[in-house]
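There are 2 protein chains.
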Amino acid sequence: MILDKIYDSKDVKKLSIEEMNSLASEMRELIIKKVNAIGGHMAPNLGIVEATIALHYVFDLPNDKVIYDVSHQCYPHKILTRRKEGFTDPDKYLKYTGYTAPEESEYDLFKIGHTSTSVSLATGVAKARNLNGENYNVIALIGDGSLSGGEALEGLDNAATLNSNIIIVVNDNEMSIAENHGGLYGNLKTLRETKGNSECNFFKSLGFEYLYVENGNNIQDMISAFEKVKDTKKPTILHIHTLKGKGLAQAEADKETFHYIMPGLLDEKPDNAKIQLPEDYTSITREFIKNKIKTDKKAIVINAGTPGVFGFDSEYRKELGEQYTDVGIAEEHAVAYASALAKNGAKPIFTVMSSFIQRTYDQLSQDLGLNNSPITMLVYWGGISAADATHLCTFDIPLISNIPNLVYMSPTNKEEYLAMLEYAYNQNEHPIAIRIPMTELISTGIPDNTDYSQINKYKTISKGEKVAILGLGNFFNLACEVKDELLKKLNINATLINPIYTTGIDEDLLEELKQNHELVITLEDGMLDGGFGEKISRFYGNSNVKTLNFGSKKEFTDRIPLDELYKRYHLTKELIIEDIRNTICEKICK
Amino acid sequence: MILDKIYDSKDVKKLSIEEMNSLASEMRELIIKKVNAIGGHMAPNLGIVEATIALHYVFDLPNDKVIYDVSHQCYPHKILTRRKEGFTDPDKYLKYTGYTAPEESEYDLFKIGHTSTSVSLATGVAKARNLNGENYNVIALIGDGSLSGGEALEGLDNAATLNSNIIIVVNDNEMSIAENHGGLYGNLKTLRETKGNSECNFFKSLGFEYLYVENGNNIQDMISAFEKVKDTKKPTILHIHTLKGKGLAQAEADKETFHYIMPGLLDEKPDNAKIQLPEDYTSITREFIKNKIKTDKKAIVINAGTPGVFGFDSEYRKELGEQYTDVGIAEEHAVAYASALAKNGAKPIFTVMSSFIQRTYDQLSQDLGLNNSPITMLVYWGGISAADATHLCTFDIPLISNIPNLVYMSPTNKEEYLAMLEYAYNQNEHPIAIRIPMTELISTGIPDNTDYSQINKYKTISKGEKVAILGLGNFFNLACEVKDELLKKLNINATLINPIYTTGIDEDLLEELKQNHELVITLEDGMLDGGFGEKISRFYGNSNVKTLNFGSKKEFTDRIPLDELYKRYHLTKELIIEDIRNTICEKICK
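Residue numbers (the numbering used here), protein chains in the order written: chain Y, 989 to 1578; chain W, 989 to 1578.
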């Protein structure tokens, strides 16, 4: 095993090409085994093995600096930088995160998980080097899919004028997560077809030096290329052509499925794949969208480069035809585009992950909110999660709720969700965002006839006294549990409310609660700071009604199990009851 | 007067070239007179007069649609679309906003004021047209300065693949607000020099058809060009070369000063311009920065295309040399770049307007907050304002305050501000933002020795009882007034606190206040939703202390005088006293 000889980057330099080729195979095997065991980014890492080995061979890391965009293709880099055990030892599979992490290693400069940031970060690193009077290479490695993001494009425009060493490796595997979208990819194709020789060159137009490598999976070719650009004094693009998923037949054949996989995908028998999955919020959303597309030629669905999250597989996308736009990773464009579609009579539905909605704040405010365009925006995965610090989904309520004119709704079951979808789609008054529940599908079986055009009108589920519980979206069920527990433990028959709207308060209802309630508690699946509960506390601030807000703290958590977070934030019925008892007991408990 | 013949767009079509040339002169005269009288965007509008006339001559507005980027060059368009009176009649100078506004005219599609949005919006309009089965031209007009924004670049990448009519007029006047920055401008220069014939063409690389007009201030040339691209079925760039400030000698000579002017600039005697202006927060900031740059080679100041806001005139910029980066309009890049500079040992100071900080939320969170990079960020103009709806500065506290790891400080006087600047610059712990006061310069004359590294430690200015007043930043003086008034009117000796940090709460101090206070009020110069006060209300929610939060509502206001807004939001000492009385009087007033 060549791998046995590898402790860190420097050991790569001692290898022959033949040994490096063996090393690539060994690394690939490790990656396939680990990712299949615990899930993760499969195809991006398989494609970049050779380039990573060559990079460590040619450059003097960590003195030279490398920054991986999205950093979901850093597994080979981690193997070569003292973290091999995270791949060889199943007991240590979870020891290291799937992204670069400075706290793990001096070979990692930044915590990175959102796309399109590497070029700007590398420009800053290079400029600091210049100010410090130092002298080393700064390398950003960015995939073609990430190039379309505004930050990457702003970064390229600026990096090109740095007038000193910066090397941007464009890893062109002809893919985003799904297929690529946008004019830039046409140019990458032209450049591939002309082996980098076309004069019509996006990168050269910005002022970069430019070099093309036809076979980015050939270690010798990559070493030669890196040696050519090493120590350059000019901003330089190294455009390398690689095969996403290389070395794993299934991944090469279906790059999209193997971009990120859940554990065990390779173990599944072919038949299992065809089992009908149970209905869930994603499937009913998909169904809703398909029906609209079929029956309304003005319907159009938009997403920004992550169709798999919403279950938009290639067959489904084909069915949507011209009524589907994948803008690529370009959330800012997506929101402005959707706003303009709505203003011009179309019916846009924009689907987006909670973690990525924050990539487009100004557009939500200026293009959408200020123009009050009636789009439907579906926010997936919003809620406290055990995810990596780079992919938390706890910030969408504060983000969306404090932009004027936006309406953000949180359904609690299937029927409510479908009714909200219909309302949002058909109305012409507001930008409506809906937070798709993260719970299992809950069905009441009873169609929901609520008039959701009465913005900020909360639903009273059951009237009680002393304590009122406002249980938002994902946490409505927790609210029900708390209600039951209050009766059992403190003999309080609490009022239960489904507030629905995170963007506003139902003043009449809140006012009425003052009559026979001592305490109003709020439960929201997200950060308290700037969120829903604080609006309720502000409302009651000048009254005798007390409030308790339950949700998450303002912090970046990193792969902390959900039950631990729930304990930390007092998000269990027991801890909530305890807090209620401490707040009001001397006064009203029996 | 040709102008007398013009009511709306259609009347332009009846004119001869000669008449249109006269019309251009007449319009230019109106614009100069009005802008000098009430202030506004001078040079951008003077440069686009001929192109606007030609556009209205060739296209069938409002059936064909035109979208102006930033829309600060829409004055000629307004003159030709039934809003001439807003320029001919001084009594109606303020009737129309300086930006496009659908509520004013069917010729305006969107409310626009932030840059770089027009291409994405036009793409949405064009796509809706296609879905509707309609057939008309969609035109975006974008200045070279706006091209560098991420949204514009994302938009171009997507517009290029629309596969139907969209015409993007790139108004290249060789200027951003100040000089242009970024590699893209090198390509515009190459294209100008080759009269559009270079094969190395940024726009063609994305897949656009491309046409160049050497003299964009020649009506006949512009008519010919527009006629060529009209009804095209392909995404097309019309690159026009114009003269910013054309027709006003001073503006042609000093395009930057005349980008946006205050009233009366043209009336000023040359000598007046040299009068030493009094010290203000902008001047002491400028001085602070210059000293750091001189004494610390690792110091670097960054701004995103609006140097004039911070008083960085061309001479000052020259002095900063390599320790100054204007990234162009590219706030996302600016924040990531600053974060990386700080992580690599440099000392970045990023200056930004409150209204534009929201253009970079994800970078504040991921590139900066998550990586906890010790940059100094100076936020200008934060506060409730009488501005146009597109340029409000009321959202920065909610935006910044709810991102983990960021620290946002609000000084109340010169000495505090300088001490905070020193602290922020020298520390290595946090990203620190400082909200530069919008008040006149207040000096205590006593150096401030506060240890600001004790994050979230509020300052108690005077201890009292019953009522505590937390007066943040700009509103600290209002808090002082309220304190005096409380003593006078209600005989309450209130506690006065300067909370400094909008990003967190001083739990010890707030806890202590419970002992002898019935009411805590907060005053903040910005939106209440998601802001500072709500954090205080949440803290006290489960206690007997009542709270009142004063600040602005969640709404887009549009050119409403400040005193009217203050009344609306109860931000006068009289109204605040009234609210306090209503909240606590039966209990504690004497």
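Think of the hints as simulated: they come from the structure by calculation, not from any bench. Among these hints, one or two may not hold up.
Since the list gives no way to pick out one identical chain from another, each pair is judged satisfied if it fits inside one copy or across any two copies.
List of simulated lysine-lysine pairs, DSBU-like, C-alpha gap at most 35 Å [unchecked claim]:
no., residue 1, residue 2
1, Lys1286, Lys1001
2, Lys1306, Lys1222
3, Lys1561, Lys1451
4, Lys1282, Lys1541
5, Lys1222, Lys1282
6, Lys1286, Lys998
7, Lys1218, Lys1286
8, Lys993, Lys1286
9, Lys1080, Lys1222
10, Lys1222, Lys1285
11, Lys1221, Lys1306
12, Lys1286, Lys1221
13, Lys1445, Lys1561
14, Lys1445, Lys1541
15, Lys1282, Lys1402
16, Lys1476, Lys1502
17, Lys1447, Lys1234
18, Lys1183, Lys1476
19, Lys1021, Lys1221
20, Lys1221, Lys1183
21, Lys1502, Lys1221
22, Lys1502, Lys1477
23, Lys1282, Lys1221
24, Lys1286, Lys1222
25, Lys1218, Lys1285
26, Lys1002, Lys1234
27, Lys1278, Lys1222
28, Lys1555, Lys1177
29, Lys1502, Lys1451
Notebook entry, point to check: Hint numbers the structure violates, sorted upward?
Noted result: 4, 8, 9, 17, 18, 19, 21 and 28
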